[in-house]
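Chains as they are written, first to last, in my numbering: chain A, 1 to 251; chain B, 252 to 633.
Source of the hints: derived by calculation from the structure; they are not laboratory data. The structure presented is a predicted model; accordingly, all values stated were derived computationally and were not measured. Built from N, CA and C at the ideal position, the CB exists for glycine as well. Mixed in with the good hints, there may be bad ones.
16 Å max Cα-Cα, derived EDC-like pairs, lysine to aspartate or glutamate [unchecked claim]: (1) Lys220(A) / Asp236(A); (2) Lys58(A) / Glu80(A); (3) Lys112(A) / Glu85(A); (4) Lys483(B) / Glu124(A); (5) Lys483(B) / Glu80(A); (6) Lys483(B) / Glu104(A); (7) Lys58(A) / Asp236(A); (8) Lys77(A) / Asp114(A); (9) Lys4(A) / Asp74(A); (10) Lys172(A) / Asp13(A); (11) Lys196(A) / Glu36(A); (12) Lys483(B) / Asp114(A).
Just so you have them, the derived chain A footprint on chain B, three or more residues with Cβ under 8 Å [what the hints assert, rightly or not]: (13) 479 to 486; (14) 507 to 515.
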Amino acid sequence: MQLKTTSAILYLDGISVSFDGFKALNELSFVIEPGEMRAIIGPNGAGKTTMMDVITGKTRPDNGEVYFGQGAYDLSKLDETQIAELGIGRKFQKPTVFDMHTVEDNLLLALKNDRGVRATLLWENSSAQQDRINQILDITRLGNARSRVAGSLSHGQKQWLEIGMLLAQEPKLLLVDEPVAGMTDAETMQTAELLKEINRDKTVIVVEHDMAFVRELDVKVTCLHEGSVLAEGTIDQVSANDRVVEVYLGR
Amino acid sequence: MGPFPLTRLLDRSSAVFLILLAAFAMVIPTLNLLVPASSGLHVSTYLVALFGKYICYAMLALSIDLIWGYAGILSLGHGAFFALGGYAMGMYLMRQIGTRGVYANPILPDFMVFLNWPELPIYWYGFNHFAYAALMIVLAPGLLAFVFGWFAFRSRVTGVYLSIITQAMTFALMLGFFRNNFGFGGNNGLTDFKDILGFNVQAETTRNALLVASCLALAICFLICRAVVTSKFGKVLVAIRDAESRTRFLGYRVEAYKLFVFTLSACMAGVAGALYVPQVGIINPSEFAPGNSIEAVIWVAVGGRGTLTGAVLGAFVVNYAKTFFTTGWLAPYWLFVLGGLFIAVTLLLPRGIVGTYEWWRARRAEKQAAIPIAADAPHAAE
Numbered sequence: 001m002q003l004k005t006t007s008a009i010l011y012l013d014g015i016s017v018s019f020d021g022f023k024a025l026n027e028l029s030f031v032i033e034p035g036e037m038r039a040i041i042g043p044n045g046a047g048k049t050t051m052m053d054v055i056t057g058k059t060r061p062d063n064g065e066v067y068f069g070q071g072a073y074d075l076s077k078l079d080e081t082q083i084a085e086l087g088i089g090r091k092f093q094k095p096t097v098f099d100m101h102t103v104e105d106n107l108l109l110a111l112k113n114d115r116g117v118r119a120t121l122l123w124e125n126s127s128a129q130q131d132r133i134n135q136i137l138d139i140t141r142l143g144n145a146r147s148r149v150a151g152s153l154s155h156g157q158k159q160w161l162e163i164g165m166l167l168a169q170e171p172k173l174l175l176v177d178e179p180v181a182g183m184t185d186a187e188t189m190q191t192a193e194l195l196k197e198i199n200r201d202k203t204v205i206v207v208e209h210d211m212a213f214v215r216e217l218d219v220k221v222t223c224l225h226e227g228s229v230l231a232e233g234t235i236d237q238v239s240a241n242d243r244v245v246e247v248y249l250g251r
Numbered sequence: 252m253g254p255f256p257l258t259r260l261l262d263r264s265s266a267v268f269l270i271l272l273a274a275f276a277m278v279i280p281t282l283n284l285l286v287p288a289s290s291g292l293h294v295s296t297y298l299v300a301l302f303g304k305y306i307c308y309a310m311l312a313l314s315i316d317l318i319w320g321y322a323g324i325l326s327l328g329h330g331a332f333f334a335l336g337g338y339a340m341g342m343y344l345m346r347q348i349g350t351r352g353v354y355a356n357p358i359l360p361d362f363m364v365f366l367n368w369p370e371l372p373i374y375w376y377g378f379n380h381f382a383y384a385a386l387m388i389v390l391a392p393g394l395l396a397f398v399f400g401w402f403a404f405r406s407r408v409t410g411v412y413l414s415i416i417t418q419a420m421t422f423a424l425m426l427g428f429f430r431n432n433f434g435f436g437g438n439n440g441l442t443d444f445k446d447i448l449g450f451n452v453q454a455e456t457t458r459n460a461l462l463v464a465s466c467l468a469l470a471i472c473f474l475i476c477r478a479v480v481t482s483k484f485g486k487v488l489v490a491i492r493d494a495e496s497r498t499r500f501l502g503y504r505v506e507a508y509k510l511f512v513f514t515l516s517a518c519m520a521g522v523a524g525a526l527y528v529p530q531v532g533i534i535n536p537s538e539f540a541p542g543n544s545i546e547a548v549i550w551v552a553v554g555g556r557g558t559l560t561g562a563v564l565g566a567f568v569v570n571y572a573k574t575f576f577t578t579g580w581l582a583p584y585w586l587f588v589l590g591g592l593f594i595a596v597t598l599l600l601p602r603g604i605v606g607t608y609e610w611w612r613a614r615r616a617e618k619q620a621a622i623p624i625a626a627d628a629p630h631a632a633e
């Protein structure tokens, strides 16, 4: 069923959200095309996290429209679980993996599968599941760490594991919040590679402060400011924009 | 992660445990029944009953470890399920007394005659049949746990709040069972048992048979626990224990998982209580006392929470110490010893006996494995 005629996988139009009079989002509009990767930048308080909250159903918009999947689903009418089931996965800023479990078991728990009590009690390992886990271990470069407990991983590896867990859930759209915060330069570059690889068959939105990382991604950039879009374009266009320089990048 | 049954259920320490348990179940009756009392190797009937009691405690500890060690549910009222199972068995044993009671009433147990009750209450019906009693031994604690858990877990009651309401539950049951009009013998409870399945409960052979039955039940409970914790279900439980909201966010219905494992654990505690009662010869409301439940939690902490064999070992070690301390001039100091033990284990041995041993072994294996890895460190760093 088509609620809205659009080719976009994610369509936001005129979204406003206010908390106690403070306008976190102010007439925010943008569209993401299927298969795209988009970087979202902006100063603190620009509304980046609130935008993610609206998309994942954590926050309801006061005004505006938000549609998923070529206009087939009105996200403002669904709750978090339903939206997750539609195939929107989110990685939060702080990595939260299961510390006592091995890397492999973390991925196993995240794999798209029946989540019921009976299904997990009677669960049996299958080669299809094992192949999928191996594939994700390859993508996230955690193959060597597969039998280590997640608690012993470095911060960067935990971030990758969490991205891997997100992949295991097989979402159509990934929202990734500050994936390189606290990473070394080498890890940051590897994460950029990783996201590019994921982007081959999935749509990705990355929120990030690290401009070197955003430049490495080499994708269309949206700069938010005070809850609306300030500038949009390639990284060179956006960083040359006078307003962006003034409010975000600094002179 | 081999094909289902054996390799998954029996890791090295589980196999060792089951072999030791089987040996115990064979050696003790042999030394009691076949070795003459004059021999130094003879095991007295008193000890047989004592060991039988320990085995039942071990089963209770196992049931607590399943929910506390793996799902992070700290029940401080598990003694209630143990006692309910015990009462169900006690009711069967009371009905077996028949005309041999003081008042020789073929239907009514002595305490009912004494209270001038004209007839048997409806909830005592059927307990003259062992099969029905056996069903109730599992069903009564299971049903209580299901209803209790249904409300508690759906309302997302966790941590210390859950512990407190489990305490309140067992305390409320204790007060109820103390009342004469509750119909379970008031503060005297149920006692003066004559026979079980036609065998005299006091007979040496019956006592040995009960010990063997308890060992068998413990082995079965252990294997059920192993099957649960080594399945994917068990991995979800550990995930719930360590990061409940994250697990929920992954799409697992945490309350359904908790409810299942809590009910299963209560059923096991019920079986433990049922085997306990014929071996000690009495069940009374003091079994519901909150202190008993807390003591059982200490057994698990001492043995090692989250290690099934540790729960069994902890029950044995602490109860042996209890028997040792409470039978001599040290008796008045037992509670100090128990409290001190709990503090010492929490501070010095937070993983418990078996947990510390396993940790030490894992570290040693890691160190040995680290040598070849160190050699190709440049590749690993990549």
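Going down the list of hints, with the structure as the test:
no.	hint	verdict
1	Lys220(A) / Asp236(A)	holds (10 Å)
2	Lys58(A) / Glu80(A)	holds (6 Å)
3	Lys112(A) / Glu85(A)	holds (10 Å)
4	Lys483(B) / Glu124(A)	holds (8 Å)
5	Lys483(B) / Glu80(A)	violated (25 Å)
6	Lys483(B) / Glu104(A)	holds (12 Å)
7	Lys58(A) / Asp236(A)	violated (33 Å)
8	Lys77(A) / Asp114(A)	violated (25 Å)
9	Lys4(A) / Asp74(A)	holds (9 Å)
10	Lys172(A) / Asp13(A)	violated (21 Å)
11	Lys196(A) / Glu36(A)	holds (10 Å)
12	Lys483(B) / Asp114(A)	holds (11 Å)
13	479 to 486	holds (count 5)
14	507 to 515	holds (count 3)
When held up to the earlier numbered hints, the structure conflicts with 5, 7, 8, 10 and fits the remainder.
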